[in-house]
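J.: Read off the chains here:
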Amino acid sequence: MSDRNVSLSAALKYKGQGPYLTYILHRIGGAMMAIFVTTHVLATFTEMQGWQIGDLINDIYISPPFQIVFMFGVLFHLINGMRITILDLFPQQLIPYHRQAILIEWIIFILVYGFAVVTTITTAIGRMS
Amino acid sequence: MQTKARTLPLSKRGMSFETFMWLFTRLTALAMYGFIFIGIVGAFVMGAQNDMSFVEVLRWALMPNTGHVTYTNVPEISPYASMFWKSVASLFFLTAAGHGVHGVVVILDDYFAKPSQRKWIRFWNILLVAIIIPIGIYVIWFG
Ligand code: HEM
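Protein sequence lines, in the order shown, are assigned to chains U and Z.
Position 114 of the first sequence, counted from 1, bears residue number 114 in the numbering used here, the numbering being contiguous throughout.
Position 13 of the second sequence, counted from 1, bears residue number 13 in the numbering used here, the numbering being contiguous throughout.
Source of the hints: derived by calculation from the structure; they are not laboratory data.
Treat the hints with care, since some could be wrong.
[Stated by the list, open to error] Computed footprint of chain U on chain Z; a stretch qualifies when at least three of its residues, placed anywhere within it, have a C-beta under 8 angstroms from a C-beta of chain U:
id: 1; stretch: 23-31
id: 2; stretch: 56-62
id: 3; stretch: 96-103
id: 4; stretch: 137-143
[To be verified] Quick list of the computed label-pair ranges, beta carbon to beta carbon:
id: 5; chain 1: Z; residue 1: 117; chain 2: U; residue 2: 19; range: 42 to 48 angstroms
id: 6; chain 1: Z; residue 1: 113; chain 2: U; residue 2: 114; range: 38 to 44 angstroms
id: 7; chain 1: Z; residue 1: 41; chain 2: U; residue 2: 61; range: 21 to 27 angstroms
id: 8; chain 1: U; residue 1: 107; chain 2: Z; residue 2: 112; range: 33 to 39 angstroms
id: 9; chain 1: Z; residue 1: 116; chain 2: U; residue 2: 52; range: 37 to 43 angstroms
id: 10; chain 1: Z; residue 1: 22; chain 2: U; residue 2: 61; range: 28 to 34 angstroms
id: 11; chain 1: Z; residue 1: 118; chain 2: U; residue 2: 66; range: 29 to 35 angstroms
id: 12; chain 1: Z; residue 1: 135; chain 2: U; residue 2: 121; range: 29 to 35 angstroms
id: 13; chain 1: Z; residue 1: 77; chain 2: U; residue 2: 20; range: 42 to 48 angstroms
id: 14; chain 1: U; residue 1: 114; chain 2: Z; residue 2: 94; range: 45 to 51 angstroms
id: 15; chain 1: U; residue 1: 66; chain 2: Z; residue 2: 113; range: 30 to 36 angstroms
id: 16; chain 1: U; residue 1: 20; chain 2: Z; residue 2: 19; range: 40 to 46 angstroms
id: 17; chain 1: Z; residue 1: 45; chain 2: U; residue 2: 70; range: 23 to 29 angstroms
id: 18; chain 1: Z; residue 1: 22; chain 2: U; residue 2: 115; range: 44 to 50 angstroms
[What the hints assert, rightly or not] Pulled a few chain Z residues facing chain U out of the computed Cβ check, cut under 10 angstroms:
id: 19; residue: 36
id: 20; residue: 40
id: 21; residue: 52
id: 22; residue: 67
id: 23; residue: 71
id: 24; residue: 73
id: 25; residue: 78
id: 26; residue: 83
id: 27; residue: 87
id: 28; residue: 90
id: 29; residue: 93
id: 30; residue: 106
id: 31; residue: 107
id: 32; residue: 110
id: 33; residue: 111
id: 34; residue: 132
Note that beta-carbon positions come from the ideal geometry of N, C-alpha and C, so glycine has one too.
My request is simple: use the sequences and hints to build the entire structure.
T.: Pasting the structure below:
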């Protein structure tokens, strides 16, 4: 076990290419979900006890701006996680094509995320009346 | 661009705790895909195509809990509140908790290298997940 030999600021400035971008977005999405699930469970529990704070947190969580940002992290993690798992199941055959796999992954992500964003907005408008 | 794969068969690598958790992360990922699939198919069987938008089906599939359908146009909540869905939600939640807590420890290990720091990271994260699991299960069954 060694100490870090790169400062956090240097690490954050590192400019990788496609594979690095997917790695860091996967991390951010995973961390976002862990924080979200923990606080959402606690908020719902406190809401059930009739405490205002839980209600307030869940009102933020159900709001379209929050959903749109959060869904980026969730859907990226899910779709990238599928890519990682499939490639890792057949490493010899598939890892040589990981850049092509990342391209396919982005196409799927944009379609699913785009549809989720559009329906978040249309649903919010539809439910207003 | 093609690069040659560098892989070592498991027989030559051995099954260390890290390898086991690497496999665990992937198996739980597949299991969670299974839960999401069950959630989507189940929602359509229960008539979601008329009562829920895409994003509402997605939210339900990501955690099949009744709280996730109360804001939709679903006329009757009871099919969504069955023992079956509470069991799927509980299993999904347990799987996500195991996968998530391990993932968070992996991330934090990359930023904190001292053995004492890593010990505390494990202690606090495992304590937190041990507290959150019963609360989450309670919310699923009684929420
Ligand atoms: C269908 C759902 C999910 C899939 C397919 C999935 C997939 C994956 C995979 C394959 C990894 C390993 C990445 C690697 O070793 O490079 C991973 C890591 C991780 N996952 Fe998930 N995951 C899912 C849901 C979740 C949930 C619900 C949470 C949080 C509660 C979560 C949090 C994390 C974290 C924090 C990591 C560590 C990231 C890292 O090491 O950089 N994941 N996920």
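J.: Next, verify each hint and record whether it holds.
T.: Against the structure, the hints come out as follows:
1. 23-31: holds (count 3)
2. 56-62: holds (count 3)
3. 96-103: The restraint on the stretch 96-103 of chain Z holds, since 5 of its residues have a Cβ under 8 angstroms from chain U and three suffice.
4. 137-143: This one holds; 4 residues, not fewer than the three required, reach chain U with a Cβ under 8 angstroms.
5. Z:117 / U:19: 42 to 48 angstroms: violated, 28 angstroms
6. Z:113 / U:114: 38 to 44 angstroms: Since the Cβ atoms of residue 113 of chain Z and residue 114 of chain U sit about 40 angstroms apart, the hinted range of 38 to 44 angstroms holds.
7. Z:41 / U:61: 21 to 27 angstroms: holds, 26 angstroms
8. U:107 / Z:112: 33 to 39 angstroms: holds, 37 angstroms
9. Z:116 / U:52: 37 to 43 angstroms: holds, 39 angstroms
10. Z:22 / U:61: 28 to 34 angstroms: At roughly 32 angstroms between Cβ atoms, residue 61 of chain U and residue 22 of chain Z fall inside 28 to 34 angstroms, so the hint holds.
11. Z:118 / U:66: 29 to 35 angstroms: Once the Cβ atoms are compared, 32 angstroms apart, the range 29 to 35 angstroms for residue 66 of chain U and residue 118 of chain Z holds.
12. Z:135 / U:121: 29 to 35 angstroms: About 32 angstroms separates the Cβ atoms of residue 135 of chain Z and residue 121 of chain U, which means 29 to 35 angstroms holds.
13. Z:77 / U:20: 42 to 48 angstroms: The hinted range 42 to 48 angstroms holds for residue 77 of chain Z and residue 20 of chain U, with Cβ atoms some 45 angstroms apart.
14. U:114 / Z:94: 45 to 51 angstroms: Violated, at about 32 angstroms.
15. U:66 / Z:113: 30 to 36 angstroms: holds, 34 angstroms
16. U:20 / Z:19: 40 to 46 angstroms: At 24 angstroms between Cβs, range violated.
17. Z:45 / U:70: 23 to 29 angstroms: Because 28 angstroms falls inside the window, the suggested range holds.
18. Z:22 / U:115: 44 to 50 angstroms: violated, 32 angstroms
19. 36: holds, 8 angstroms
20. 40: Violated: closest Cβ of chain U sits about 12 angstroms from residue 40 of chain Z, beyond 10 angstroms.
21. 52: Where the cut-off is 10 angstroms and the nearest Cβ of chain U is about 9 angstroms from residue 52 of chain Z, the hint holds.
22. 67: Given a least distance of 7 angstroms, the restraint on residue 67 of chain Z holds.
23. 71: holds, 7 angstroms
24. 73: holds, 8 angstroms
25. 78: At about 19 angstroms, which exceeds the 10 angstroms cut-off, the nearest Cβ of chain U leaves the hint on residue 78 of chain Z violated.
26. 83: violated, 20 angstroms
27. 87: violated, 18 angstroms
28. 90: Constraint on residue 90 of chain Z not satisfied, violated at 12 angstroms.
29. 93: holds, 8 angstroms
30. 106: holds, 9 angstroms
31. 107: holds, 6 angstroms
32. 110: holds, 8 angstroms
33. 111: Result: holds, 7 angstroms to nearest chain U Cβ.
34. 132: holds, 6 angstroms
Checked against the numbered hints above, the structure breaks hints 5, 14, 16, 18, 20, 25, 26, 27, 28 and satisfies the rest.
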